[in-house]
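Novice: So you can see what is in the structure, the chains are spelled out below.
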Amino acid sequence: MSPNTTEDITVELKNDLSELQRLTKVVTEYCESSGLSPQILFALNLSLEEVVANVMSYGYEDEHEHLIIIRINRKDGGLEIEVEDDGKAFNPLEQEPPDIDAPIEERPIGGLGIHLVRHYMDALEYRRDNDRNVLSMKKSID
Amino acid sequence: MNIEQTKIGETRVISPQGSLDAQTEKEFQESVIGNIDGGEKSILLDFSKVSYASSAGLRAILIIAKKQKESGGKLGICGLHDSVADIFTVSGFDTIVDVYSDVSAGLQGLG
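Each protein sequence line maps, in turn, to chains A and B.
So for the first sequence, this note's numbering puts the first residue at 1; every next one is plus one.
So for the second sequence, this note's numbering puts the first residue at 1; every next one is plus one.
I should point out that these hints are in silico values taken from the structure, not numbers from a laboratory.
Ideal Cβ placement from N, Cα and C applies to all residues, glycine included.
Take these hints with a grain of salt, some might be off.
To be verified - Okay, derived cross-link-like pairs now, DMTMM-like style, lysine to aspartate or glutamate, Cα gap no bigger than 25 Å in a straight line: (1) K41/B with D99/A; (2) K74/B with D86/A; (3) K7/B with D86/B; (4) K75/A with E29/A; (5) K67/B with D98/B; (6) K69/B with D99/A; (7) K14/A with D86/A; (8) K67/B with D101/A; (9) K26/B with E63/A; (10) K26/B with D16/A; (11) K25/A with D94/B; (12) K66/B with D101/A; (13) K67/B with D86/A.
Stated by the list, open to error - Here are the in silico distance ranges between beta carbons for each label pair: (14) P108/A with G39/B: 21 to 29 Å; (15) S101/B with D101/A: 17 to 25 Å; (16) P98/A with I8/B: 42 to 50 Å; (17) S31/B with P98/A: 38 to 46 Å; (18) I109/A with M1/B: 36 to 44 Å; (19) E10/B with E105/A: 39 to 47 Å; (20) I8/B with H66/A: 26 to 34 Å.
Claimed, not checked - Computed footprint of chain A on chain B, listed as stretches where at least three residues anywhere in the stretch have a Cβ under 8 Å from a Cβ of chain A: (21) 21-28; (22) 38-49; (23) 56-63.
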């Protein structure tokens with residue numbers, strides 16, 4: 001395999017926060033074997049944790065086990081990352097941006113996750129597909 | 001997560017280690033809130049051993065900062081790794097918590 005080609009990866013996680021550790025491990029190994037920079041690794045780990053933790057914490061109204069599917073593909077000089085879940089319909093991109101200049105008393109608890117994802121990723125797109133949420137993220141790796 | 005604590009002069013120095021994320025935020029938050037409830041008026045969070053933090057970590061820090069402000073105490077944070085300093089800036093946290101380079105600068109700033 002040449003340094004510029006990488007096997008695409010798919011990770012399936014149960015809806016339990018303890019699974020995040022396994023996700024971080026897989027993503028770290030993927031980035032290291034692909035020769036991606038520590039900055040890309042951080043952007044990827046952070047964005048995936050934000051999106052996946054959100055689904056795990058708020059996406060399900062029952063107590064059953066669900067699978068969240070994460071795909072990472074190398075494409076057109078960048079990375080394409082998809083997070084797919086069968087939770088309730090939720091488009092995180094509809095969330096209002098936080099006021100990051102507000103004084104401490106006026107800062108709401110929470111709501112910064114998607115703000116960080118927007119900052120560290122280059123493009124975000126949401127679709128509802130067959131009763132599933134799919135969030136796709138793009139990150140250029142130049 | 002491993003969290004070390006010491007008292008230097010009047011300041012309680014709290015040093016979490018590892019990742020401050022969705023899994024560890026509660027433990028970290030409870031440990032610091034315990035100190036605030038116990039009457040510590042000067043708290044320095046030493047983040048020199050925190051290699052990674054996400055919005056879950058920021059949420060914990062915001063809860064701590066609000067609580068310490070209500071109690072009339074002081075709060076500082078020091079030793080931020082580059083990626084943690086970056087999410088602080090992106091989220092506007094550098095304006096709500098005093099950021100210091102290291103423990104000695106923090107002790108001086110709070111003291």
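Novice: With the threshold set at 25 Å, check whether the alpha-carbon distance from K66/B to D101/A stays at or below it.
Specialist: holds (15 Å)
Novice: Taking the beta carbons of P108/A and G39/B, is their distance inside 21 to 29 Å?
Specialist: Since the Cβ atoms of P108/A and G39/B sit about 28 Å apart, the hinted range of 21 to 29 Å holds.
Novice: Quick one, are K41/B and D99/A close enough, alpha carbons at most 25 Å?
Specialist: Measuring from Cα to Cα gives roughly 28 Å; hence the hint is violated.
Novice: Given the hinted pair K67/B and D86/A, is their Cα-Cα distance within 25 Å?
Specialist: Measuring from Cα to Cα gives roughly 37 Å; hence the hint is violated.
Novice: Do the alpha carbons of K67/B and D101/A lie within 25 Å of each other, as the hint requires?
Specialist: holds (19 Å)
Novice: Would you say the C-beta atoms of P98/A and I8/B sit inside 42 to 50 Å of each other?
Specialist: Violated: the Cβ-Cβ distance is about 34 Å, outside 42 to 50 Å.
Novice: If you draw a straight line from the CA of K26/B to the CA of D16/A, is it 25 Å or shorter?
Specialist: holds (16 Å)
Novice: Just to make sure I understand the rule, a stretch counts as covered if three or more of its residues have a C-beta closer than 8 Å to a C-beta of the chain. Does the segment 38-49 of chain B meet that for chain A?
Specialist: With 0 residues in contact (Cβ-Cβ under 8 Å with chain A), the coverage given for the segment 38-49 of chain B is violated.
Novice: Hint says 26 to 34 Å; check whether the CB-CB distance for I8/B and H66/A agrees.
Specialist: violated (47 Å)
Novice: Would you check the hint for K69/B and D99/A, treating anything up to 25 Å between C-alpha atoms as holding?
Specialist: Holds, because 20 Å separates the two Cα atoms, which is no more than 25 Å.
Novice: Checking one constraint from the list: CA of K74/B to CA of D86/A, max 25 Å. Satisfied?
Specialist: Status violated; Cα separation ~44 Å.
Novice: Would you mind confirming whether the straight-line C-alpha gap from K14/A to D86/A stays at or under 25 Å?
Specialist: holds (11 Å)
Taken one by one, the earlier hints fail for this structure at numbers 1, 2, 3, 11, 13, 16, 17, 18, 19, 20, 22, listed in ascending order.
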